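Listed below are the residues making up each chain.
Protein chains: 2
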Amino acid sequence: MEYKSKEAYYQHLTTRAALPDGFLCSALQIEFIPAEKPGKAKMNLSLILLEEETRNFGACFTSNSFPGAPVLIGRKRLSGESIRGVMINNKIANVGVSGGVDDSLGLLAELAGHIPCAPEALLPASTGIIGWRLPVKAMRAVLPGLAAGLKPGSILPVAEAVMTTDTFAKIRKINVGSGSILGIAKGAGMIEPNLATMLVFIMTDLHVEREELRSMLSRCVSRTFNRITIDGDQSTSDMALVLSSGLKDPVGANKFEEALFSLCSKLAADIVRSGEGVAHVVHLKIVSELPEELVVGAGKNLLNSPLVKTAVYGNDPNVGRILSALGDYLGNSGVAIDTKNLSVHLGGIEIYANGGFRLDRNKEEKLSYYLKDCSFDPAVKGYPQHERSVEVEIFLGKEGKSYEFLGADLSYEYIRENAEYRS
Amino acid sequence: MEYKSKEAYYQHLTTRAALPDGFLCSALQIEFIPAEKPGKAKMNLSLILLEEETRNFGACFTSNSFPGAPVLIGRKRLSGESIRGVMINNKIANVGVSGGVDDSLGLLAELAGHIPCAPEALLPASTGIIGWRLPVKAMRAVLPGLAAGLKPGSILPVAEAVMTTDTFAKIRKINVGSGSILGIAKGAGMIEPNLATMLVFIMTDLHVEREELRSMLSRCVSRTFNRITIDGDQSTSDMALVLSSGLKDPVGANKFEEALFSLCSKLAADIVRSGEGVAHVVHLKIVSELPEELVVGAGKNLLNSPLVKTAVYGNDPNVGRILSALGDYLGNSGVAIDTKNLSVHLGGIEIYANGGFRLDRNKEEKLSYYLKDCSFDPAVKGYPQHERSVEVEIFLGKEGKSYEFLGADLSYEYIRENAEYRS
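Here the protein sequences come in this chain order: S and P. Residue numbers in the first sequence follow numbering that gives the first Met the number 0, run continuously in steps of one, and reach 422 at the last position. Residue numbers in the second sequence follow numbering that gives the first Met the number 0, run continuously in steps of one, and reach 422 at the last position.
In short, the hints are calculated from the structure, not lab data. Remember, predicted model here, so these are calculated numbers, not experimental data. Take the hints with a grain of salt, since some may be wrong.
Identical copies look the same in the list; a pair holds intra-copy or inter-copy alike.
[Stated by the list, open to error] Derived SDA-like pairs: lysine to any residue, alpha-carbon spacing no greater than 25 Å straight-line:
#, residue 1, residue 2
1, Lys400, Thr166
2, Lys299, Ser367
3, Lys3, Lys36
4, Lys397, Ser97
5, Lys5, Asn353
6, Lys39, Glu208
7, Lys371, Glu412
8, Lys365, Ala40
9, Lys254, Arg54
10, Lys136, Lys365
11, Lys365, Thr13
12, Lys299, Asn225
13, Lys36, Asp359
14, Lys3, Arg218
15, Lys299, Arg415
16, Lys299, Val334
Construct the entire structure; sequences and hints are all you get.
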């Protein structure tokens, strides 16, 4: 459904922002003077807290070999007995800084005193510039206020506080049984330009046991957040966290996982759609019998190809680039393409089949109109942006499993956002 | 050495353009009307020919799973008894077209009649748009002229004929013993925007046996052309060909391979430097004890990171992105980084050591000046472009083998070139 203005869309967003039972949240902003750069800077702090500690929580972290301090701390606390909540800051990622882990731990310990709870029951999450140190003093000063501000109701203040250059707040909610699952996300790519962090926080009042919750999260993340790509860079700080208050009766495991998967899919799509500088979202479907790892690699490689991305940006149905990018990845993996059983569709139009391209002047014109129609123009299309995406379908062989991926084009705005931010 | 104008640089180029003994060449241009698009188009045809057939030749081809017709033909002819030469066309790559192989074979057979030689002794090479069919009729009409135009002397006409949007012709020559090795290249990336083909033709009058020549070519290609990257896309038509006329006495194998490696290094650097839209060339050195495959993967991934590339374009010493891109690749490969023994330099300035960034306001300013100084401004810097490159050095551990890579930044011009070409 599309809305005429961003305001109208935001009004709609509030209808899905209600915290599940047993959750509180709080958010505020500070001003500080960074040690690394002249002038003032702003940072948002926010807090998601359970009314009671829970042992039913789980998290997936970045596999980047150069992880931030919050990821190092989070990985350890994953094996802890129980958890109470998570403190999030934007602006500085706390990565690659001597003393970064101690900075985070010190802040959490102090915050725990104001709640009160055990310091080990709090997780940190940060996004922003790599190599800068957290402004610990300025952050400490507002911790009492952050704790005092906790209330039930809407997650919207937190969904907005975690944003950097995301173009809209990302909130999704699914009602299941007598409870609900609520998720918010901070977008990946073309974001706070020192990195492209994805932060996802999922809250539910439905009771789910820890081990089950963790395996469901892991499966859902691998099929949703791990299949979106904006610029191919996995950040040092990516994390997805799930917390269950357990106040509502459990639903069947299948039913819960289905809802969790649907929630993650929607948030993942929101992340791509809200990337600044995205003029087209690309939805790629590959049907193949090849091993999953190969198909996922090929799909992401295709969506990350600068030649494919710039063609889409230019509304140019330059379909040779799609085949070339696919062949590049598969060739390097030692896989031959059976071109006789390869077929490719763009916007539902067949462009390759039976061992050759199926193109003519008329089709090329149609494809070009199709690409233009999938680009985002708020004056024409309303909000939320990118309800329509460029659909690419590739059948590698006659049958097989179906995989879906989301990506974006490569625009002048992307370069502006990422080249000019700090200069 | 830098020249004030492009003309002065071209004058200098002619000093290294002399064909080795036993080689002839020819080039001409045709106009034709493509079946796929209204209006006229231009295509260059060229021919490199040995005076006598040789069994001492070798080639490396793209590993793309969607190879063009010339690659399919070339791979077969590699096992043939001997070779006489190669016919090259730009504008259309002859990829993904039903009948493409027959088109190429027919043209070679007809050309062979005009030389005369056995049709199997000729190789095809094509670069340009994927999915279009060769204008066989228009090409056939000029084959007698192409054969008649063969002469010894300068390779420059061919080096220019194979160009598309390359900003300068690429010719390198090395004298060894009583003979020489001459190489020309058509650049990769940001080129004829349907793909980013690299074509390399190397000619020598020094006698080298086939098997030895082939293993030397393979080793040199893997350490030079396979370590450059502009946009990470390996084309459907990449090839590197070496031909020996054997008219001059052999030099030692080591001596020849050293010269061949040096020639390939220089041509590879020329390819990156002549990419349209390249504002900075990036020269990356990694010292590591990790397996070669991992280091090569990490190096290329770093140079392909859009976040790193845009930062370099913006003269922004956003060093966190370098570490994040490195950690992304190594993490996905299951390799932990020992940050204590990691050190990173940018332009000779230490930016990371002993487990933390080594940055301050003064250093950041220096780094920003350094990046500006490495960008290309013909009015100030003269030709050839990019004599200076951005030097990044990464020591992964205390010691190890040294690997070198060349890449480029990501500029507005890249997007313009690749998004707007066909629209």
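We went through each hint and held it up to the structure:
{"no.": "1", "hint": "Lys400 with Thr166", "result": "neither (34 Å within a copy, 45 Å between copies)"}
{"no.": "2", "hint": "Lys299 with Ser367", "result": "within (23 Å within a copy, 33 Å between copies)"}
{"no.": "3", "hint": "Lys3 with Lys36", "result": "neither (40 Å within a copy, 39 Å between copies)"}
{"no.": "4", "hint": "Lys397 with Ser97", "result": "between (54 Å within a copy, 20 Å between copies)"}
{"no.": "5", "hint": "Lys5 with Asn353", "result": "neither (46 Å within a copy, 48 Å between copies)"}
{"no.": "6", "hint": "Lys39 with Glu208", "result": "neither (45 Å within a copy, 69 Å between copies)"}
{"no.": "7", "hint": "Lys371 with Glu412", "result": "both (17 Å within a copy, 21 Å between copies)"}
{"no.": "8", "hint": "Lys365 with Ala40", "result": "between (48 Å within a copy, 23 Å between copies)"}
{"no.": "9", "hint": "Lys254 with Arg54", "result": "within (21 Å within a copy, 68 Å between copies)"}
{"no.": "10", "hint": "Lys136 with Lys365", "result": "neither (59 Å within a copy, 29 Å between copies)"}
{"no.": "11", "hint": "Lys365 with Thr13", "result": "neither (39 Å within a copy, 48 Å between copies)"}
{"no.": "12", "hint": "Lys299 with Asn225", "result": "both (10 Å within a copy, 21 Å between copies)"}
{"no.": "13", "hint": "Lys36 with Asp359", "result": "between (56 Å within a copy, 8 Å between copies)"}
{"no.": "14", "hint": "Lys3 with Arg218", "result": "neither (36 Å within a copy, 60 Å between copies)"}
{"no.": "15", "hint": "Lys299 with Arg415", "result": "both (24 Å within a copy, 23 Å between copies)"}
{"no.": "16", "hint": "Lys299 with Val334", "result": "both (16 Å within a copy, 21 Å between copies)"}
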